[in-house]
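4 protein chains.
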Amino acid sequence: MSGNTFGTLFRVTSYGESHGPAIGCVVDGVPPGISLNEGDIQVYLDKRRPGRTRFTSQRREPDVIKILSGVFENKTTGAPIGLMIENIDTRSKDYDAIKDKFRPGHADYTYFKKYGARDYRGGGRSSARETAMRVAAGAIARKILGERVILRGALVQMGPHKIDRNRWDWNAVGENPFFCPDPVSAVEWEEFLDDVRKRGSSTGAVIEIQASGVPAGLGAPTFDRLDADLAKALMSIPAVKGVEIGAGFDAAALSGEDNADEMRMREDGSVEFLSNNAGGTLGGISSGQDIVARFAVKPTSSIAIPRKTVHTHGGNADIVTTGRHDPCVGIRAVPVGEAMAACVLADHLLRDKAQCGG
Amino acid sequence: MSGNTFGTLFRVTSYGESHGPAIGCVVDGVPPGISLNEGDIQVYLDKRRPGRTRFTSQRREPDVIKILSGVFENKTTGAPIGLMIENIDTRSKDYDAIKDKFRPGHADYTYFKKYGARDYRGGGRSSARETAMRVAAGAIARKILGERVILRGALVQMGPHKIDRNRWDWNAVGENPFFCPDPVSAVEWEEFLDDVRKRGSSTGAVIEIQASGVPAGLGAPTFDRLDADLAKALMSIPAVKGVEIGAGFDAAALSGEDNADEMRMREDGSVEFLSNNAGGTLGGISSGQDIVARFAVKPTSSIAIPRKTVHTHGGNADIVTTGRHDPCVGIRAVPVGEAMAACVLADHLLRDKAQCGG
Amino acid sequence: MSGNTFGTLFRVTSYGESHGPAIGCVVDGVPPGISLNEGDIQVYLDKRRPGRTRFTSQRREPDVIKILSGVFENKTTGAPIGLMIENIDTRSKDYDAIKDKFRPGHADYTYFKKYGARDYRGGGRSSARETAMRVAAGAIARKILGERVILRGALVQMGPHKIDRNRWDWNAVGENPFFCPDPVSAVEWEEFLDDVRKRGSSTGAVIEIQASGVPAGLGAPTFDRLDADLAKALMSIPAVKGVEIGAGFDAAALSGEDNADEMRMREDGSVEFLSNNAGGTLGGISSGQDIVARFAVKPTSSIAIPRKTVHTHGGNADIVTTGRHDPCVGIRAVPVGEAMAACVLADHLLRDKAQCGG
Amino acid sequence: MSGNTFGTLFRVTSYGESHGPAIGCVVDGVPPGISLNEGDIQVYLDKRRPGRTRFTSQRREPDVIKILSGVFENKTTGAPIGLMIENIDTRSKDYDAIKDKFRPGHADYTYFKKYGARDYRGGGRSSARETAMRVAAGAIARKILGERVILRGALVQMGPHKIDRNRWDWNAVGENPFFCPDPVSAVEWEEFLDDVRKRGSSTGAVIEIQASGVPAGLGAPTFDRLDADLAKALMSIPAVKGVEIGAGFDAAALSGEDNADEMRMREDGSVEFLSNNAGGTLGGISSGQDIVARFAVKPTSSIAIPRKTVHTHGGNADIVTTGRHDPCVGIRAVPVGEAMAACVLADHLLRDKAQCGG
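Just so you know, the protein sequences line up as chains Y, A, U and D, in that order.
The first sequence begins at 0 in numbering that gives the first Met the number 0 and counts up by one.
The second sequence begins at 0 in numbering that gives the first Met the number 0 and counts up by one.
The third sequence begins at 0 in numbering that gives the first Met the number 0 and counts up by one.
The fourth sequence begins at 0 in numbering that gives the first Met the number 0 and counts up by one.
Source of the hints: derived by calculation from the structure; they are not laboratory data.
Some clues are possibly wrong.
What the hints assert, rightly or not - The calculated lysine to any residue pairs, modelled on SDA-like cross-linking and capped at a C-alpha distance of 20 Å, are:
| id | chain 1 | residue 1 | chain 2 | residue 2 |
| --- | --- | --- | --- | --- |
| 1 | A | K307 | Y | K74 |
| 2 | U | K307 | U | T321 |
| 3 | Y | K98 | U | K74 |
| 4 | U | K161 | D | S254 |
| 5 | U | K307 | D | L273 |
| 6 | D | K65 | A | A21 |
| 7 | A | K98 | Y | V270 |
| 8 | A | K98 | Y | M264 |
| 9 | U | K307 | D | G287 |
| 10 | D | K74 | A | P20 |
| 11 | Y | K65 | U | P20 |
| 12 | U | K74 | U | I33 |
| 13 | U | K74 | Y | F111 |
| 14 | A | K142 | A | Q41 |
| 15 | D | K46 | D | G173 |
| 16 | D | K307 | U | T321 |
| 17 | A | K65 | D | H18 |
| 18 | Y | K74 | U | A21 |
| 19 | A | K307 | Y | S274 |
| 20 | U | K307 | D | S254 |
| 21 | A | K74 | D | F111 |
| 22 | Y | K98 | Y | K307 |
| 23 | A | K307 | Y | L253 |
| 24 | U | K161 | U | V172 |
| 25 | U | K65 | Y | N86 |
| 26 | D | K197 | D | P176 |
| 27 | D | K307 | U | G287 |
| 28 | Y | K65 | U | T321 |
| 29 | Y | K307 | A | L253 |
To be verified - Computed list of chain D residues with no C-beta within reach of chain A, every gap over 12 Å:
| id | residue |
| --- | --- |
| 30 | E16 |
| 31 | E129 |
| 32 | L144 |
| 33 | S269 |
| 34 | P305 |
Built from N, CA and C at the ideal position, the CB exists for glycine as well.
Could you put together the complete structure from these sequences and hints?
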């Protein structure tokens, strides 16, 4: 397989380029009888949609989702769900200037080396536009997880600026253009990002995904651990350079006694953990604690500041990427990260049900 | 599938518990005609073997590999390669004290919740003993990659102590008990780890894997990106809490212009990158630059310092894990990380050959 | 996975119901640089299209294929190819009469039992309409196989009437409404099928697929033998009840000496087989001889002759299936069988290339 | 993958050659808590074992199964089950005479063409010896199906001699050396097969597998239909040339009204089918009726009657295959066919549980 399918039982197969007639995906393995309509999906796509504020790309992609199959009388039937978004705002002319150059940081060079040619319009298949389909599939995954699972993401670092976790407020996330859970940082980031944008530069970010209500027992050792599948899911998002679970890289610096999440029995006989360095997984299986994952997004590679590159047919050149780009793609990566985490959890929920009865 | 198979074309299927009669794996998809004997594998297993120094577990696991199939007259035949190591030094009695308690940080609790029972002897299937088979499979993967690919790993941080990258010397890696590329740090770590060990504590680590000579073009977007598959491979190693590629989490703090790996044309017409923040992959496809990945290993969960836990059948308890444990499992994770990276690269080499002709 | 993906490297993922807005599929794993346009696919869809003669359903499904992705400037790019056909001629009213009854021989009852509900319009997902996507994918598979492989099918039995193989003429296949290679049988079948049709009955058929020019070496033992994958591929076509390779069921009656395909060396050093009871595969691997497979199609289940059935909510009933149905679905199964065989061969061609270098 | 893994959730990965140190397999995805010991498996292996009567190979393969993992205190743990049989009676010398010739009907030629070399000892990986592992895995699959499913096989045709189905008696199957359900045919076959054997010839056979008690709802359209997966499973058994379900190839000759399995409602509200031409599947999903599948086995290719062949390094030759061969491999294919059917059913049981809740 050439890598456009994700998941074992909850399976997403994606297609489409940024400048073709449409992008789409097939979601297979969905249990029957789940209530689903286009609105259930559209709400998440709208979170990812560009052009909502001055801090994201000014492209106008209404991203109207169509359900082509698998739903009958507003319920899933168990048949594969075909989803499609027609591409509307494709200004291929924007790309004439760069069709003969490799944009540093983009997949231009590697696609050219691998496939011998490339669809240079907006990155073709390598465009982050494909992440719209991840978000759409994630909306269906959430339906499988049900309301017991609360899965949400937030930007916890923009450029060098980290939030103060003591000010974490989930309500704040919806009230600023950055999905930032720290209202103070959100204000500071406005100024920072305006400056980045005006300079034609870009900046990176770190996103945190949390899922509460995930039952203990999800994940399939040895290789398909819940954390391993989350790592793959999040690292597969364009521009992601790192993934960590729980204490993550900081765990390396801890002593065994500090890292241990000690356990106590509650009066009702249930088990309580006194900390969550594990990030909700032990041995690759969910423990019932919150799943906590973070991923790092590199700064947008399309910038207006000239960089050195080469021509596709030889010779050095400088390149400036104009067009309508996000100064911080990490912002729109928040709903994408949520969606990928939802897909992984839904897949493992079904897998656990098969082997262990759920 | 319940997660004991790794890879798409180069496929490893693993089995075995730490205290059963044997552990083993099946390696499928290996091209025919490759020279292979047990010695080719044993050399890597010996790097992972415990008890070589006072800084690793004092268990005596000779870990003698047997090839059961797939090789005829010292060449691979194209048939699946069955590998097996008989378990020798299994002191199940060591585990009597903990059979009714969940060890914090271990998979005891989650296996119990998922499977309804657990093989408490040495962690059963969740034991890191299974990583011997990853190392064995990795030795075969290296054969597929061939000599053009130089793949090696090193410990770059032990506990809070990072190496000085300016002192990086690959020759040093084989000359200290830590696979440390910085001879000065290696000396300092001896003292640090002796202290950790004597206190009955443990410490975490960060490992870096580098692969040079990897041809451009490996990796299969959208979901099976080379970096995504590396992330899964490394995160699936027991005790790993984070994975990053190239600049990794530091990329979040960079500006677009600083992060861009600029390109120049060499006199011979080949392309040169002026930096490697990408870690050798762009759009999930190898660029021909060195693949650089790091992963964080948490401190060993088995420690002699009492921790709070619960009984499997209810009630609080304290737990002390005696036995013969590694004070820093990160050390022995070095050959395991190398092996997993080799498996990913070999798999994508075959996948690329299928679709793009190699 | 719930079964809507076919193939390992050449992968087809299908979706769509007969009465939804569209059917479609994603074809992943296609090598880059292959010339492809809609016409290349349409020509095969036209062979499957109903309503071309009085011997097939009178539905008007123009089945116009759209390529949504994966092709740029008339060449495949290596990205997944999204294909779609909009549904036009859907007369859902035809199905009101049967929405509360299970049609014998159809999947109505089993879908209802499995999924708890069903899309009764034209069979929903179980409709043979999905086979249009198999044909479309098969057209791409043929491109991968290239011109050296000649893959074609023919109806060799209609109802109880078998062709005379001595009269086999591939040119005849395109000159009668039955894809019949025996011109004499073709004439006889007209009368037979007219009678079947007028009585509101239906009849079964046997189709033979032959592929010449298939290189030796395709197929992956132990489980994914070329013949095993062909068997799955053909048996997965709606209404198919049997598959055989080479001598097939007749092989059971042969002696070992009669069944053996003896071998001789030609003057040029190549190997010649003196017969082809094996049907082109030995040990599940192609031998270079013609691949020969046959499959049996049951009579169309939708007939105008009353049959006993039950109501979906209890109680007995009689059922008559009106609408526009094929008196012999086996006819239109010919291009479908060709397509499935092409998909299997293309998949194994890529697999062989990966492991054995093609 | 190179084809040595079978199944989606209940997964069998097999390895081993007839003349290596051992054959084995890994069975992954088994639910935890199922009672299992070696005896549960051995009983089925003993049915397949050669040398029990004069009508099968006189090789002495005690085929003692060892469970290496996945079982703790006689219960499955959910971990992968490693199984192994050490090879004992390997007379490699038997093969010296044929090491430089291709045996007609065997995989010698195709393995040589595909892999560039071959392990000529007993067929290497292509030896039917690997079917022992299918039988072992099938024994575990039966445990998952539970006692409600009665799955059994019988020889219904030997050479040209079919049984009289009116004399079908399941009790007879265990009372003759042929797994024949017709006591009269069993007697006649003794004489027939003695003659075949003495002439150094061989003969083919047809086996029928029946499974009763299979719940309605198993099978995953579109491609992974229950019948399609059964077809692949049975066709993947060495020497099988045809597979059919229910009425099979005879369905081609039926009219729609005769083929329809009419339905009636029983007094208790359950559904009764008045016939079973479908063989227990509709639209690829089990209907609750008996699953009925048949497969044709070609005559043993190893015969003492000289056949024409070629040398591996050029030139014509005659070949006689001496050694200890089955005159009718179809006999020992009965337990193998049962096992493969059990694996398919167990896999789909788990798949249905995941998607539809079982």
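These are the hints, each one checked on the structure:
1. Distance hint between A:K307 and Y:K74 is unfulfilled; the C-alpha atoms sit about 47 Å from each other, more than 20 Å.
2. For the proposed pair U:K307 and U:T321, the alpha carbon gap of about 15 Å is at most 20 Å, so the pair holds.
3. A hinted pair counts as satisfied when its Cα atoms are at most 20 Å apart, and Y:K98 with U:K74 qualifies at roughly 17 Å.
4. Restraint check for U:K161 and D:S254: the C-alpha separation of about 15 Å stays at or below 20 Å, so the hint holds.
5. For the suggested pair U:K307 and D:L273, the alpha carbons sit about 9 Å apart, so the restraint of at most 20 Å is met.
6. With a C-alpha separation of about 11 Å, the suggested pairing of D:K65 with A:A21 holds against the 20 Å cut-off.
7. Restraint check for A:K98 and Y:V270: satisfied, since their Cα atoms lie roughly 17 Å apart, inside the 20 Å limit.
8. Between the alpha carbons of A:K98 and Y:M264 the distance comes to roughly 17 Å, so the proposed pair stays at or under 20 Å and holds.
9. For the hint linking U:K307 to D:G287, the alpha-carbon distance of about 18 Å falls within 20 Å, and the restraint holds.
10. A distance of roughly 16 Å separates the Cα atoms of D:K74 and A:P20; the hinted pair therefore holds under the 20 Å criterion.
11. Taken as a hint, the Y:K65 and U:P20 pair is honoured in the structure, with Cα atoms around 10 Å apart against an allowance of 20 Å.
12. Proximity of U:K74 to U:I33 is assessed by CA-CA distance (about 5 Å); at most 20 Å being required, the pair is judged to hold.
13. Only pairs whose Cα atoms come within 20 Å are accepted, and U:K74 paired with Y:F111 is accepted, the gap being roughly 14 Å.
14. Under the criterion of a C-alpha separation no larger than 20 Å, the hint pairing A:K142 with A:Q41 is consistent with the structure, at around 14 Å.
15. Pair hint D:K46 plus D:G173 holds up; C-alpha atoms about 10 Å apart against a cutoff of 20 Å.
16. The straight-line distance between the Cα atoms of D:K307 and U:T321 is roughly 58 Å, outside the 20 Å bound, and the hint therefore fails.
17. The hinted pair formed by A:K65 and D:H18 meets the criterion: a straight-line CA distance of about 15 Å does not exceed 20 Å.
18. Under the criterion of a C-alpha separation no larger than 20 Å, the hint pairing Y:K74 with U:A21 is consistent with the structure, at around 18 Å.
19. Note on A:K307 and Y:S274: the hinted pairing holds, with a Cα-Cα distance of about 12 Å set against a maximum of 20 Å.
20. Under the criterion of a C-alpha separation no larger than 20 Å, the hint pairing U:K307 with D:S254 is consistent with the structure, at around 16 Å.
21. Taken as a hint, the A:K74 and D:F111 pair is honoured in the structure, with Cα atoms around 14 Å apart against an allowance of 20 Å.
22. A hinted pair counts as satisfied when its Cα atoms are at most 20 Å apart, and Y:K98 with Y:K307 qualifies at roughly 15 Å.
23. A threshold of 20 Å between alpha carbons decides the hint, and for A:K307 with Y:L253 the separation of about 18 Å falls inside it, so the pair holds.
24. For a cut-off of 20 Å, the pair hint linking U:K161 to U:V172 stands: about 15 Å separates their Cα positions.
25. Among the hinted pairs, U:K65 with Y:N86 is consistent with the structure: their alpha-carbon atoms are about 15 Å apart, no more than 20 Å.
26. For the given pair, D:K197 sits about 17 Å from D:P176 by alpha-carbon distance, which is consistent with the 20 Å threshold.
27. For the given pair, D:K307 sits about 18 Å from U:G287 by alpha-carbon distance, which is consistent with the 20 Å threshold.
28. For the given pair, Y:K65 sits about 32 Å from U:T321 by alpha-carbon distance, which is inconsistent with the 20 Å threshold.
29. Taking the CA atoms of Y:K307 and A:L253, the gap is near 18 Å; set against the 20 Å cutoff, the hint holds.
30. Consistency note on D:E16: stated as away from chain A, yet its beta-carbon is not over 12 Å from all of that chain's, at 5 Å minimum.
31. Non-interface call for D:E129 relative to chain A: violated, since the shortest CB-CB distance, roughly 10 Å, does not exceed 12 Å.
32. For D:L144, the non-interface assignment is confirmed: its Cβ lies about 18 Å from the closest Cβ of chain A, beyond the 12 Å cut-off.
33. Chain A leaves D:S269 outside its interface by the beta-carbon criterion, the shortest separation being 33 Å against a cut-off of 12 Å.
34. The Cβ of D:P305 sits about 28 Å from the closest Cβ of chain A, beyond the 12 Å cut-off, so the non-interface label holds.
Hints 1, 16, 28, 30 and 31, counting from the list given before, are not met by this structure.
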